[in-house]
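Trainee: For reference, the chains in residue letters:
There are 2 protein chains.
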Amino acid sequence: MPSPSPSVLISEVGPRDGLQSVARTMPTADKLAWISALHAAGLREIEVCSFVPAKHLPQMADATEVVRHALTLPGLTVMALVPNLRGAEAALAAGVHKLTLPVSASEAHSLANVRMTRAQMVDEVRRVVALRNERAPHVKVEVGLSTAFGCTIQGVVPEDEVVRLAAQVIEAGADDAGLSDTTGYANPAQVRRLFQRVRAEIGAHAGAAHLHNTRGLGLANCLAAFDVGVRSFDSSLGGLGGCPYAPGASGNVVTEDLVFMFEAMGIATGIDIERLLAARAPLQAGLPGEALYGMLPEAGLPKGFAPGATYG
Amino acid sequence: MPSPSPSVLISEVGPRDGLQSVARTMPTADKLAWISALHAAGLREIEVCSFVPAKHLPQMADATEVVRHALTLPGLTVMALVPNLRGAEAALAAGVHKLTLPVSASEAHSLANVRMTRAQMVDEVRRVVALRNERAPHVKVEVGLSTAFGCTIQGVVPEDEVVRLAAQVIEAGADDAGLSDTTGYANPAQVRRLFQRVRAEIGAHAGAAHLHNTRGLGLANCLAAFDVGVRSFDSSLGGLGGCPYAPGASGNVVTEDLVFMFEAMGIATGIDIERLLAARAPLQAGLPGEALYGMLPEAGLPKGFAPGATYG
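So the sequence lines, in the order shown, correspond to chains A and B.
Counting with this note's numbering, you get residues 1 to 312 for the letters of the first sequence.
Counting with this note's numbering, you get residues 1 to 312 for the letters of the second sequence.
Simulated from the structure, these hints should not be mistaken for laboratory data.
Some hints could be false.
Which copy is meant is left open, so a pair is good if it fits within one copy or across any two.
[What the hints assert, rightly or not] Okay, derived cross-link-like pairs now, EDC-like style, lysine to aspartate or glutamate, Cα gap no bigger than 20 Å in a straight line:
1. Lys303 x Asp62
2. Lys303 x Asp160
3. Lys303 x Glu159
4. Lys55 x Glu159
5. Lys303 x Glu161
6. Lys303 x Glu107
7. Lys98 x Asp160
8. Lys98 x Asp30
9. Lys55 x Glu274
10. Lys303 x Glu201
11. Lys55 x Asp175
12. Lys55 x Glu171
13. Lys98 x Asp62
14. Lys140 x Asp176
15. Lys140 x Glu298
16. Lys55 x Glu161
Nothing here was measured: the structure is a model prediction, and the numbers come from that model.
Construct the complete structure from the given sequences, taking the supplied hints into account.
Mentor: And the structure:
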């Protein structure tokens, strides 16, 4: 049985980050069944969609309908990614509980990706916060600082710039600022150092760790983040979002493996591992033949494994 | 350039642990070329073979010839696995620098695997040490406590028994006792706790971490071991030794990914990553078509990566 009081929050990003990275579009009914299965496993925060123009991302054209369903699931924080003010308007109209807004820590990545400087993106955060304050003051606004650990365009991203940007988005009114290893460049020493520095700068506004497994260090980096006090982690069921072995792939940390690590350590996630593994079936039903990842799903639980209690 | 004074010792086990798990036998000439390439990459401890009857493991029939070649490589500690006194006699006759002797921490595994109790294996360690003292007192004897983190037969292996067994093999004269996660059951909290307990019991005789990636926690467990002072790590180039996704497979930690993690953290391994990646070619030449693993080899080094210096 999952613990009633989880020690860490696992934020499932598959229905947004994962599905957005797959060329095919999962039928809406399958999305709803999958999200229900994730909720049934105990997940209490799910990034269910992004609000972007359907011509750019047809996979997300049913965002409003997906949110409507997710809002029926008890105790679930329904989160949506919004790239800008316009997306925030649509997400707030749909009734989400939480917005997440990506802001590149790398100036080169910001310009290449959204054709805006970081300073312009901070202004966009300010506008999104103003809209939120006016229309739905209970909604949380999270900023994910992408390319926080390095950038495929400019290489190194100076830590001072990441810390300053975190302070700027909080000053602009965001509720919290997380760090994203968009490129899979992070290492555990860097993760510890940068989260500690960000926490020293913005305190309890320091948000989630969104770490990738592109170079195999995903779980080691999650452990490193946990060690310095991070308690919210993004991951994706089956690592959906691209083959973690392929250059340029998303390589999200696999939810199943992450939950196993924490539960094995005696750190309660509130998630039932067997039900979590069962949530792969509706995902596969909605995207037949799509490659899924994860070591635990292949190897199975250790003999004598007791979830939520330190093994041994 | 690799650092002249490594902070951690990476002990490559592929030529023994890896090749022993593959049904085919790698031709001797290919083994020698591969071991030379590993040495050229900066590896300074290699488990080059095991001394077991050729009828049981034809893959290791050329052990003496392999050792003879490895002894020509400057600065290399040439290690061989020996299951018992008879293997130790052959290994000492061949001139190895270090013997490693597996002793199961799980009584059920010990009986199933070598038909001896743990107490009988401790006696075997004592006999091996006596032989070493008589014939080659400069040779080191390492004991690897297998199934130290859990057993596929009996499930939980009580930590008290692991600690006691570590003390017994040191009392029997072994130079050090390492902990092996033979089954891929370990988690980072357990790794920290058990290495700390073993170190409290046997001090500087606490040896290497031999951790598996069967459930995806290989590098997180290596990080955890490093955090509590472990400085010697076993791993296998390309994860050779069975598909890490398959139940029952060896799932060795991948040397390339492990070295990348440490070097990215600014922890010198003495290993040149580019040359290490190049050492996959002779391995593949000797075992055409054999599946190799590793995330770094697929994704490549981060842009701007500086080995031996903390990234970012």
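Trainee: Now, for every hint given, state plainly whether the structure supports it.
Mentor: How the hints compare with the structure:
no., hint, result
1, Lys303 x Asp62, "neither (42 Å within a copy, 37 Å between copies)"
2, Lys303 x Asp160, "between (46 Å within a copy, 19 Å between copies)"
3, Lys303 x Glu159, "between (43 Å within a copy, 16 Å between copies)"
4, Lys55 x Glu159, "neither (36 Å within a copy, 58 Å between copies)"
5, Lys303 x Glu161, "between (47 Å within a copy, 18 Å between copies)"
6, Lys303 x Glu107, "between (49 Å within a copy, 16 Å between copies)"
7, Lys98 x Asp160, "neither (28 Å within a copy, 47 Å between copies)"
8, Lys98 x Asp30, "neither (23 Å within a copy, 58 Å between copies)"
9, Lys55 x Glu274, "neither (38 Å within a copy, 43 Å between copies)"
10, Lys303 x Glu201, "neither (44 Å within a copy, 28 Å between copies)"
11, Lys55 x Asp175, "neither (30 Å within a copy, 67 Å between copies)"
12, Lys55 x Glu171, "neither (33 Å within a copy, 72 Å between copies)"
13, Lys98 x Asp62, "within (18 Å within a copy, 64 Å between copies)"
14, Lys140 x Asp176, "within (9 Å within a copy, 54 Å between copies)"
15, Lys140 x Glu298, "neither (37 Å within a copy, 38 Å between copies)"
16, Lys55 x Glu161, "neither (34 Å within a copy, 63 Å between copies)"
Going down the numbered hints, you'll see the structure goes against 1, 4, 7, 8, 9, 10, 11, 12, 15 and 16, while the others check out.
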